[in-house]
Amino acid sequence: MSSSSLGYLLLKETRQFVRNPFMPVVLILLPVLLMLLVPLAANMEVRDVRISIVDRDRSGMSMELIDRISRSGYFVFSSYEDTYRSAMDQLGKGNADIVLEIPRGMEKAVVRGEEVEIYIAANAVNSTKGSIGGGYLSSIVSDFSAGLRGEDGAVPLKIVPQYRYNPHLEYKLFMVPALMIVVIILIGGFFPALSIVTEKENGTIEQINVSPVRKRDFILSKVIFYGILGIFAFTVSILIAHFVYGLASNGGLLEIYVSAMIFLVFMSGFGLMISNYSDTLLQSVFLMLFFVLIFMLMSGIFTPVSSMETWSQYVSAILPTRYFVDILRSVCLKGSHFSDLTFDFIMLSVFAVVINVAAVITYRKQN
Amino acid sequence: MDSIVIHNLRKSYGKGRLPAVDLAGEYRIGKGEMFGIIGPDGAGKTTLFRMLATLVSPESGKAEIEGLDIVKDYRKIRTILGYMPDRFSLYPDLSVKENLEFFASVFGQSIDRNSSLIENIYCRLRPFENRMAGKLSGGMKQKLALCCSLIHSPSVLFLDEPTTGVDPSSRRELWENLAHLKANGMTIVVSTAYMDEADRCDRVAMMKEGKFLAVDSPRAIVSKFDRKLISVRSDEMFRLLNDLRSMDVVEKCYTFGDSHHMVLKPDARTDAGGIASVLEQDFGHRNVSVSEISATLEDCYMNLEDK
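In order, the protein sequence lines correspond to chains A and B.
Be aware that the first sequence starts at 1, since it is given in this note's numbering, and climbs by one per residue.
Be aware that the second sequence starts at 1001, since it is given in this note's numbering, and climbs by one per residue.
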């Protein structure tokens, strides 16, 4: 009885889904657009920092420094100014992001072995561009000065930063796994919750309840159907991640899929829980949105957990997304395996089990 | 044999609130009986239906349907019960045929097996077979809902205000269909706001504030009405209503179609003629027509709270 009733319940879900002019489009467009557009738009990489230069030395050495800066590829020269004040004007008007002032007599002073101060002023309104651009610039300058000392014969001690796993500090590689999580949250969590609440609003759930169909089968049909859709959407997004952004090119697909399944189970349990406590679509959407925002903003999807306040770091420990993010990033960027991620997998599974048990219990209480 | 037995059934929503349903004593509905429930909005009709349909559990008391307890044997009851809720609750985004197929498979049936029961209802829907259920007219929706609740040949059928928002000809058709089902031995419990529909029932329960105030055949209920009932008309109907209500001998006065009906107090020593002369002389009404009439079911319903 049970398996056959699941059969026609799934058939019904399929018919309703296909009939809907909106949902199938969402299912395909959501992962595609999210994966293709957002990494381009939400690019936090610093490139094309506009620099205004006040070269008051006009020596061979200052020319060489400017050449060094232009060759780094991070900077665009916006203007050459005669005075520091006019350069600051450019900064104020927003024509430049950074001002570099080379003082008069730099070359001579260096030859004499004296200390020379070079001024850097950065516009921090766009804080990432300002601070990272300033960082780049000062490292170029110190690199340059180290080279000068090297000419004196003494071998300079140079610090060579090496950014492991994301050598080019590309924000995309940080962003793409996060977006795959958003896809699962939206499709795996919202879809079943909205579908159940719609049945509540239409009163169709009553018709099912007075029939011999078991509630268990009814709920299961939702979880299975939308679970399959979630896997589909996730597959679309992982294909894009792989072929467009080159993610997980060193393997790790199995780890990603298994963790995505566990997370999907969590999200659908969460969606059920939401649907238990809401009678209208509006209620469920707001409830869902509230938690989804917390999931996304406090678990390190977009900003690293380590840079959060201490108390919110504790909060993130009770968010399942945090462990899923960990797994995806480690696998995609570091090529980690199950054995490296045991803790994350255990935590994710615990969340999935707990929320589904809670969902079933609260569902019973409603009637 | 009794199809439905209700014993001290009670249900309230939240502490400190009046119970939605509070049926003291025992009520029995026979097999093949058409049992009507009439009462104002909020009388507890829908809650009673939902309890009997095993959707909510009673707070206390018990009820049996075909010998099955509504709490313990709810799963068995669901296989022999047809329930049509007070609002359309089929899938609006499935077609007429798909809805029917779905509910048939829910009950483990195929459409053809039970076609005799629903054939004369469904034949009217057949031209719209592929239309989405949400796009049907009110009457068509009602027919489809009835078909879906009959698909498994239930032995007991609950209809919660089935004719609300349905045009008069569809109403008549529905009642003809119900008569046909009753002839097949089906027990039907129906709530309605239309008194002409209540007249078609074998027995009627007048329900108010969760209680059955009177349970009897419509004729018996009418015959038990023991007060003097008077119908009044004049040129100024609105002023007439207020004037009548201000009279000492009048216990209750209400509009009834194109005239006013009023119930005299038990100790009132007047009659139709006396009322007429008071209206003409003291209140200055013209073209007054006053006549003593016998009560209808609606009059009994309007005077429920006084008993």
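Don't take every hint at face value.
Now the in silico label distances, taken between C-beta atoms and shown as ranges [said to hold, decoys possible]:
#, chain 1, residue 1, chain 2, residue 2, range
1, A, Y257, B, K1015, 45 to 53 Å
2, B, K1076, A, K334, 53 to 61 Å
3, B, E1236, A, R19, 23 to 31 Å
4, A, I224, B, H1180, 35 to 43 Å
5, B, A1214, A, V26, 54 to 62 Å
6, B, E1176, A, F291, 50 to 58 Å
7, A, I224, B, E1176, 56 to 64 Å
8, B, A1214, A, R216, 55 to 63 Å
9, A, L10, B, G1257, 21 to 29 Å
10, A, R19, B, D1199, 53 to 61 Å
11, B, K1072, A, T362, 17 to 25 Å
12, A, I224, B, A1183, 38 to 46 Å
13, B, D1248, A, T362, 56 to 64 Å
It should be emphasised that the hints constitute simulated quantities derived from the structure, not laboratory data.
The beta carbon of each residue, even a glycine, is placed where N, CA and C say it ideally should be.
Structure-based check of each hint:
1. For Y257 (chain A) and K1015 (chain B), the hinted distance range of 45 to 53 Å is satisfied, since their beta carbons lie about 50 Å from each other.
2. For the pair K1076 (chain B) and K334 (chain A), the supplied restraint of 53 to 61 Å holds, since their beta-carbon distance comes to about 58 Å.
3. Separation of E1236 (chain B) from R19 (chain A) is about 58 Å and departs from the stated range, judged on CB atoms against 23 to 31 Å.
4. At roughly 41 Å, the beta carbons of I224 (chain A) and H1180 (chain B) sit within the given window of 35 to 43 Å.
5. Range check, A1214 (chain B) to V26 (chain A): about 56 Å between beta-carbon atoms, so the 54 to 62 Å window is met.
6. Checked against the hint of 50 to 58 Å, the pair E1176 (chain B) and F291 (chain A) passes, with Cβ atoms roughly 53 Å apart.
7. Checked against the hint of 56 to 64 Å, the C-beta distance between I224 (chain A) and E1176 (chain B) comes to roughly 43 Å, which is inconsistent with it.
8. At roughly 43 Å, the beta-carbon separation of A1214 (chain B) and R216 (chain A) lies outside the given 55 to 63 Å, and the hint is violated.
9. For the hinted restraint 21 to 29 Å between L10 (chain A) and G1257 (chain B), the CB-CB distance of approximately 54 Å leaves it violated.
10. In this structure the supplied range 53 to 61 Å is violated for R19 (chain A) paired with D1199 (chain B), their Cβ-Cβ distance being about 42 Å.
11. In this structure the supplied range 17 to 25 Å holds for K1072 (chain B) paired with T362 (chain A), their Cβ-Cβ distance being about 24 Å.
12. Range check, I224 (chain A) to A1183 (chain B): about 44 Å between beta-carbon atoms, so the 38 to 46 Å window is met.
13. For the hinted restraint 56 to 64 Å between D1248 (chain B) and T362 (chain A), the CB-CB distance of approximately 60 Å keeps it satisfied.
Consistency note: the structure conflicts with the earlier hints numbered 3, 7, 8, 9 and 10.
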